[in-house]
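Order-wise, the sequence lines are chains A and B. Okay, so the first sequence: first residue is 894 according to the working numbering, each after it adds one. Okay, so the second sequence: first residue is 0 according to the working numbering, each after it adds one.
Please note: incorrect hints may appear among the correct ones.
Pair ranges (Cβ atoms, derived) [stated by the list, open to error]:
| id | chain 1 | residue 1 | chain 2 | residue 2 | range |
| --- | --- | --- | --- | --- | --- |
| 1 | B | Thr180 | A | Ile1011 | 54 to 64 Å |
| 2 | B | Pro552 | A | Val930 | 39 to 49 Å |
| 3 | B | Ala190 | A | Asp950 | 27 to 37 Å |
| 4 | B | Asp306 | A | Phe1061 | 11 to 21 Å |
| 5 | A | Ser933 | B | Lys232 | 46 to 56 Å |
| 6 | B | Pro108 | A | Asn1035 | 45 to 55 Å |
| 7 | A | Ser933 | B | Thr112 | 31 to 41 Å |
| 8 | B | Asp113 | A | Val930 | 24 to 34 Å |
| 9 | B | Leu485 | A | Ile908 | 47 to 57 Å |
Covered stretches of chain B (chain A as the covering partner; in silico rule of three or more C-beta atoms under 8 Å from a C-beta of chain A) [unchecked claim]:
| id | region |
| --- | --- |
| 10 | 120 to 126 |
| 11 | 177 to 188 |
Residues of chain A clear of chain B, computed beta-carbon distances all greater than 12 Å [said to hold, decoys possible]:
| id | residue |
| --- | --- |
| 12 | Ile925 |
| 13 | Glu926 |
| 14 | Phe969 |
| 15 | Glu975 |
| 16 | Asp989 |
| 17 | Phe1042 |
| 18 | Pro1054 |
No wet-lab data here; the hints were simulated from the structure. Beta carbons: idealized from backbone N, C-alpha and C, even for Gly.
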Amino acid sequence: MKQEFIISIYSENHIGLLNRITINFTKRKMNIESLTVSESAIKGISKFTIVVKEEEDRVKKVVGQLEKVVEVLKAFYHTNDEMVFQELALYKVQTDTLYDSDQVERIVRKSGARILEITREYTVIEKTGHKEETQELFEALNQFGVLQFIRSGRIAITRDPIERLSEFLRERDTLLSQVD
Amino acid sequence: MATKRITGSQAVILSLLEEGVDTIFGYPGGAIMPIYDALYDFDKQVSHILTRHEQGAVHAAEGYAKVTGKAGVCFATSGPGATNLITGIADAMIDSIPLVCITGQVASPLLGTDAFQESDVVGISMPITKWNYQVTKAEEIPEAIARAFFIAQSGRPGPVLLDIAKDAQFQEIDFSYKKCTKIRSYISKRAVDPFKVKAAAWLIDQAKKPLLLFGQGVIIAQAEAELKAFVEKTGIPAAWTLLGLSALPSDHPLNVGMLGMHGNYGPNIKTNEADLIIAVGMRFDDRVTGKVSAYAKNAKIIHLEVDPAEIDKIIKTDVAVLGSAKESLAMLTNNVKENKHEAWLQEFRDCDKVEREKVIDKDIYPNKEGLTMGEVVRITSEKTNHNAVLVTDVGQQQMIASRYFKFSQSKSNVTSGGLGTMGYGIPAAVGAQLGAKDRTVCCFVGDGGFQMTLQELGTIVQNKLPVKIILLNNNFLGMVRQWQQLFFEKRYSFTELQNPDFITIAKGFGMAGHKVTQREDLEEGVQRMVDHDGPYLLEVVVEKEDNVFPMVPSGASVSDIILEA
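Here chain B stands alone, though its shape is the one from the complex:
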């Protein structure tokens, strides 16, 4: 193999190029300066997005990874630069997002001396990375980067971190690159066991009331077509987890809606009536199951899952099919009989009718005076032809947007699920827009989460990213307030905000925007935002004390879902 003499820093950039990296999110500083200096010569091959905070860089990398399926890459310096990545890394770990985070570190002779901007980032990030490694010699760089990408993107994806000492960035090496395809101690792929598939198929053919639950595993495995083929052959209703959203088009007749705490009425109560649950690429999160001891008691459980540690972790399975959902679903489809479950499906439609009358219509076509979050989401989805990428922050707007935004293609939902990271929305939208340059990106944020990372408006404007931000302002930390109302006797302990003039702030960053306070201005306001060539902030002042329903109260069974307070 041909080699050439280069510095460790140049080796970092060349290795990233070998891995097909086209976008890096980051923030320079002392210990990573040699890498940034090397990057300066590669502006044609790779674009670097300077965020306003390292947390912005890591969330942007997550957003990029979500819409592309490729690893998001971010750079930060040692010490505070590295520790500012931690929230995003934890978020990526729990939501299985492939990230390669590269941090600078003090020169290796200074390790352990409390040098300026030294922090033990390998130690700090260990519980929240799939793998991490400290590089102290330049010659380790190509192999470390090759391993980092292989580990981040294979099996159940996750974040990895490479901490590169400054002296290793300066050293010269003979560079050659070889992609990593296997590691002795790490099994990235497993062949699907045909006997398990047969056992699962038998249960499916026997079932009278089967329900399929799909999660992000379908999207990660790119098994959307296989999922569709399976449900269409078997006629089994399919419900999604928050992260499974967009894997099956919203208008598919077998798509029966969202699971979990603020999910739809039917999928929740029918979970406990089903005689078979087929869980695909999901992990029975507590927000999905509610009270575990009262979950799916009448059902046999089939679990299609890539991660063996998820089998029986929360819910005991009858048949576990290990492997990629792409393979296992396809094999399952070949092994099941064609079927229809019309009467059972009708029960879901009946539930939907109840939910429509009691909740949905009031949310999305309200009669009351105050504006609702639901109508803003509905109109935004309509005006973008149900074809936009949805990015949400965390809280009420996240649940409402996930419930009412419609999707026609996969990899279109970018949200912080497992960690519930407020402040995720705006920076994740930066990454989502760069990963899906030709698509409209609609980012819903609340007034609380917006103020956690709104400095990234600067990143959006500097990079001319046409992100459409819809700020649903209720002057409250709305979800916490809702819980205080329902479970803490309306004791609104520190949830009301005195907010700035957000439109002026946007203007200060050079971003266009306007504020809507009346229903008659809403449609036109959304249209103006969508038509605007460039980034836009639409602030909608919504009802202060609106709640998200239905709701499975914390610790209650999914059958005890409530439709109204």
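With the rest of the complex left out, here is chain A:
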């Protein structure tokens, strides 16, 4: 059964690595629903968060292949339930719509969004949440016309009490010391 999985990859911050990682999805004709990359808590180590909608067996195998990439330190996969995750969305609407009635203001308040910038022409609204929530706000605002809309990739953090990053680095140090 296909379901959403969140793949987290810790890697060295090297040129071309993004390509080397995404190749593993392309090769299996597996679509990436969302992708976020940034520096992790440890300097020089990047963290990829990749969302796929797939069967677990296929996800497990792709994660196995990702771990084989020389510059990848560790890859995990989790279900949505196992993680706390969030996306960010930005909406641009005409400022006039806020003057015409109080409906837009009410929608913004109710959804817990906030206003980032107001000019005479347009207003930029920001909302964080799950995709369904940012989508819901988009649909509500779009009744009044959304000029531009953009959603970020997902970022996620495990519900695990243990910090996986330090756990795997410890494990890695042990393995590397065996090499000597």
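With chain A fixed as given, assemble chain B onto it according to the hints.
Frame of chain A; chain B shown alone:
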């Protein structure tokens, strides 16, 4: 550490020497000229083999790596030079062959400008390399080369590619070299888990019908002696994959033959009767398993494997023992009880008898008029005392040679397994001969594959390599024709060839050779080839429409192996 001031190009050569490289296969061109210029001063320390095409260089490097166990090294220029390496790199990736490919690249300020002979070889080769890297500064060269060799040769080996920009080849650096022994993000070795070994040993001691399957992992890990010790202590019959061939001598009483599509009858049908499968350094390729859902259904599975991603990839295991086969097999041998499986082994001998009557005798001692590929292979193996290095191309001759050639030592089989690369044979034989200078190298090719890379006859002659080429000519792309006959109602769509006079071609290159068309000339013909001092082409005209049997039809279970059409 002492340093000296040299150019990036000299650093490339000195780094290769530090890694013990004695042979480089390559082809020069604009973007790699500074490296070739540096190479000119090192002809005493390292020999460079100029192939006739970059594909020849990379296959030769593969052949060299296969017989030596060391990384094969090849050079090519940017653009078309680099893209011509791609087939060989893909071949090495799927067959876990250590290669270090060095390509020239346009000068770094020109990257991304569509400069002359610019191609994104790092991008192109990414899915088919274990690792690759673009060097744009000379100071990166020693470390990049050290990493390249470490990654190519450690863990599960594979090809790496270094793309070196031309300006980095000219820049000067203070050179010092340090071998790479570890990389933070890369685990090259794992200690074998003794608990897994114990769990595996328990299953082995309980098993009534155990079958061991060994692959190239045994050869890569140099675990041939450990394999032999294990099967001899446990009395377990052992079958090989195409790439595992030669790891256990052909005449060993527990060697029960080849697995897979054109493998032997016994190992295939007995896979589904076995109650335990011990897979060592093999990856359950679809050519071995046939229909996966009907594979080894009665068996528990033990998998000894160096690559964690191979565990449960195709076949679900009961006990997975991660690590080098050299260690895991030795530990396993210490933990199992001595045993014999005489009745079970007898079942394999009975299968062998059936296969002998229905297939093998007709192949290697034929009565029919036309010559068979099998008899040529048998005679060649006999005349070389079952001690030659076998190189094959891809197709019918590959399967027949793998079935009937006999081996007494390991690292003696050079073939393109996973990728099935036609045109592999001749250039791979170049590398095999250079890697095994004192051994006889017999290269079997078909008339199709031969014509893909026959320009490398020039390389063989120029370097005086005494390669013995046996061309089995049936005027067809034989394996495709066989499938057309069996599965496409004999619709021979574009598989018949109008061939040139191959002996004249060989003579044109300065290579001796002759053609055999009659059985009575065959033995003497093979003898002449073997006795000839230097390279030789023996063309044997074989039956046009001969088939390779047994066969597990594509998508069928291994128990549905057919012995005749």
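Hint check results:
1. Thr180(B) to Ile1011(A): 54 to 64 Å: Cβ of Thr180(B) to Cβ of Ile1011(A): about 60 Å, so the range 54 to 64 Å holds.
2. Pro552(B) to Val930(A): 39 to 49 Å: holds (46 Å)
3. Ala190(B) to Asp950(A): 27 to 37 Å: holds (28 Å)
4. Asp306(B) to Phe1061(A): 11 to 21 Å: holds (19 Å)
5. Ser933(A) to Lys232(B): 46 to 56 Å: Once the Cβ atoms are compared, 49 Å apart, the range 46 to 56 Å for Lys232(B) and Ser933(A) holds.
6. Pro108(B) to Asn1035(A): 45 to 55 Å: Once the Cβ atoms are compared, 48 Å apart, the range 45 to 55 Å for Asn1035(A) and Pro108(B) holds.
7. Ser933(A) to Thr112(B): 31 to 41 Å: Since Ser933(A) and Thr112(B) have Cβ atoms about 34 Å apart, the given range 31 to 41 Å holds.
8. Asp113(B) to Val930(A): 24 to 34 Å: holds (28 Å)
9. Leu485(B) to Ile908(A): 47 to 57 Å: 50 Å Cβ-Cβ, so the 47 to 57 Å window holds.
10. 120 to 126: holds (count 4)
11. 177 to 188: Holds, because 9 residues of the region 177 to 188 of chain B bring their Cβ atoms closer than 8 Å to Cβ atoms of chain A.
12. Ile925: holds (16 Å)
13. Glu926: holds (22 Å)
14. Phe969: The claim stands: Phe969(A) keeps its Cβ more than 12 Å from every Cβ of chain B (closest is about 14 Å).
15. Glu975: Holds, because the least Cβ-Cβ distance between Glu975(A) and chain B comes to about 21 Å, which exceeds 12 Å.
16. Asp989: Asp989(A) is indeed farther than 12 Å from all Cβ atoms of chain B, at 45 Å.
17. Phe1042: holds (32 Å)
18. Pro1054: holds (26 Å)
Of the numbered hints stated above, none is contradicted by the structure.
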